[in-house]
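S.K.: For the record, the sequence lines run as chains Z and U. Just so it is clear: in the first sequence, position 72 is 72 by the numbering used here, and no numbers are missing. Just so it is clear: in the second sequence, position 3 is 3 by the numbering used here, and no numbers are missing.
No lab work stands behind these hints, which were simulated from the structure alone. Among the hints, erroneous ones may be present.
Straight-line alpha carbon distances no greater than 30 angstroms define the calculated DSSO-like cross-link-like pairs of lysine-lysine that follow [as the list claims (entries may be wrong)]:
#1 K71(Z) - K57(U)
#2 K42(Z) - K113(Z)
#3 K71(Z) - K56(Z)
#4 K71(Z) - K42(Z)
#5 K113(Z) - K56(Z)
#6 K42(Z) - K56(Z)
#7 K57(U) - K68(Z)
#8 K56(Z) - K68(Z)
#9 K57(U) - K42(Z)
Far from chain U by the CB rule (all over 12 angstroms, computed), these chain Z residues [as the list claims (entries may be wrong)]:
#10 Q38
#11 M54
#12 T69
#13 V70
#14 A79
#15 G83
#16 S85
#17 G105
#18 G106
Among chain U residues calculated to face chain Z with C-beta under 8 angstroms, some are [stated by the list, open to error]:
#19 L45
#20 Y48
#21 G58
#22 V60
#23 Y64
#24 V82
#25 F90
#26 D101
#27 T102
#28 Q103
#29 P107
#30 G108
Each residue gets a CB set at the ideal place from its N, CA and C atoms; glycine is no exception.
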Amino acid sequence: GESVGLHLPTLSVQEGDNSIINCAYSNSASDYFIWYKQESGKGPQFIIDIRSNMDKRQGQRVTVLLNKTVKHLSLQIAATQPGDSAVYFCAENISKAAGNKLTFGGGTRVLVKP
Amino acid sequence: IAGITQAPTSQILAAGRRMTLRCTQDMRHNAMYWYRQDLGLGLRLIHYSNTAGTTGKGEVPDGYSVSRANTDDFPLTLASAVPSQTSVYFCASSDSVSGTDTQYFGPGTRLTVL
Chain Z
1 GESVGLHLPT LSVQEGDNSI INCAYSNSAS DYFIWYKQES GKGPQFIIDI
51 RSNMDKRQGQ RVTVLLNKTV KHLSLQIAAT QPGDSAVYFC AENISKAAGN
101 KLTFGGGTRV LVKP
Chain U
1 IAGITQAPTS QILAAGRRMT LRCTQDMRHN AMYWYRQDLG LGLRLIHYSN
51 TAGTTGKGEV PDGYSVSRAN TDDFPLTLAS AVPSQTSVYF CASSDSVSGT
101 DTQYFGPGTR LTVL
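With the rest of the complex left out, here is chain Z:
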């Protein structure tokens, strides 16, 4: 499949450990944030989202934290599994009134070691 990016930041994680992926966003007006997972040769897959009126949201094995003060977003994956190996992108939505247009970060590659 297509290589998403040869020079992406890479996080190597031991199977079973927790993973933390970080993302900085630039626009303080952003009010909606999404994390996507992209496996080689596939399209991005929705993982979890959070709105700006929240600072934490939990899903199945994943937690997203939002710090609006420093414009920082993180994705925590609990008990990382081999199937979690992928490239992870954060995305922000500036304004619903301007149309639902997401701006994507550059991505982080997660490699899970058995």
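Following the hints, put chain U in place on chain Z, whose structure we already have.
M.R.: Same frame as chain Z, now just chain U:
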């Protein structure tokens, strides 16, 4: 299975040729999008459509055109392909009417312009 389909899966195209990438969704989403993804970069928005009959320009619209004659289909046309348009192209859709901003992606089309 409901979702987004794209065609072709991959294509090699001579510079100067015209090419249309097809995208169809069966989720009755009102909004659709086209992105390109290049090595080392995240996804960049080319064009979008908030509803059938309307389209708008994204971050990198030059050299591309779109149409939205109905809810389900959102073709992307390269009128005269150039090598810098070599990329992986992803179509996405979202159901903005319901207040859900999440975009769902197709499997992508890998385009090589020689």
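S.K.: Hint by hint, note whether the structure agrees.
M.R.: Hints, one by one, checked against the model:
no.: 1; hint: K71(Z) - K57(U); verdict: holds, 27 angstroms
no.: 2; hint: K42(Z) - K113(Z); verdict: holds, 21 angstroms
no.: 3; hint: K71(Z) - K56(Z); verdict: holds, 14 angstroms
no.: 4; hint: K71(Z) - K42(Z); verdict: holds, 29 angstroms
no.: 5; hint: K113(Z) - K56(Z); verdict: holds, 28 angstroms
no.: 6; hint: K42(Z) - K56(Z); verdict: holds, 28 angstroms
no.: 7; hint: K57(U) - K68(Z); verdict: holds, 29 angstroms
no.: 8; hint: K56(Z) - K68(Z); verdict: holds, 11 angstroms
no.: 9; hint: K57(U) - K42(Z); verdict: holds, 25 angstroms
no.: 10; hint: Q38; verdict: violated, 9 angstroms
no.: 11; hint: M54; verdict: holds, 14 angstroms
no.: 12; hint: T69; verdict: holds, 23 angstroms
no.: 13; hint: V70; verdict: holds, 21 angstroms
no.: 14; hint: A79; verdict: holds, 25 angstroms
no.: 15; hint: G83; verdict: holds, 18 angstroms
no.: 16; hint: S85; verdict: holds, 18 angstroms
no.: 17; hint: G105; verdict: violated, 6 angstroms
no.: 18; hint: G106; verdict: violated, 5 angstroms
no.: 19; hint: L45; verdict: holds, 6 angstroms
no.: 20; hint: Y48; verdict: holds, 6 angstroms
no.: 21; hint: G58; verdict: holds, 7 angstroms
no.: 22; hint: V60; verdict: violated, 12 angstroms
no.: 23; hint: Y64; verdict: violated, 16 angstroms
no.: 24; hint: V82; verdict: violated, 20 angstroms
no.: 25; hint: F90; verdict: holds, 5 angstroms
no.: 26; hint: D101; verdict: holds, 5 angstroms
no.: 27; hint: T102; verdict: holds, 5 angstroms
no.: 28; hint: Q103; verdict: holds, 6 angstroms
no.: 29; hint: P107; verdict: holds, 5 angstroms
no.: 30; hint: G108; verdict: holds, 5 angstroms
The earlier numbered hints that this structure contradicts are 10, 17, 18, 22, 23, 24.
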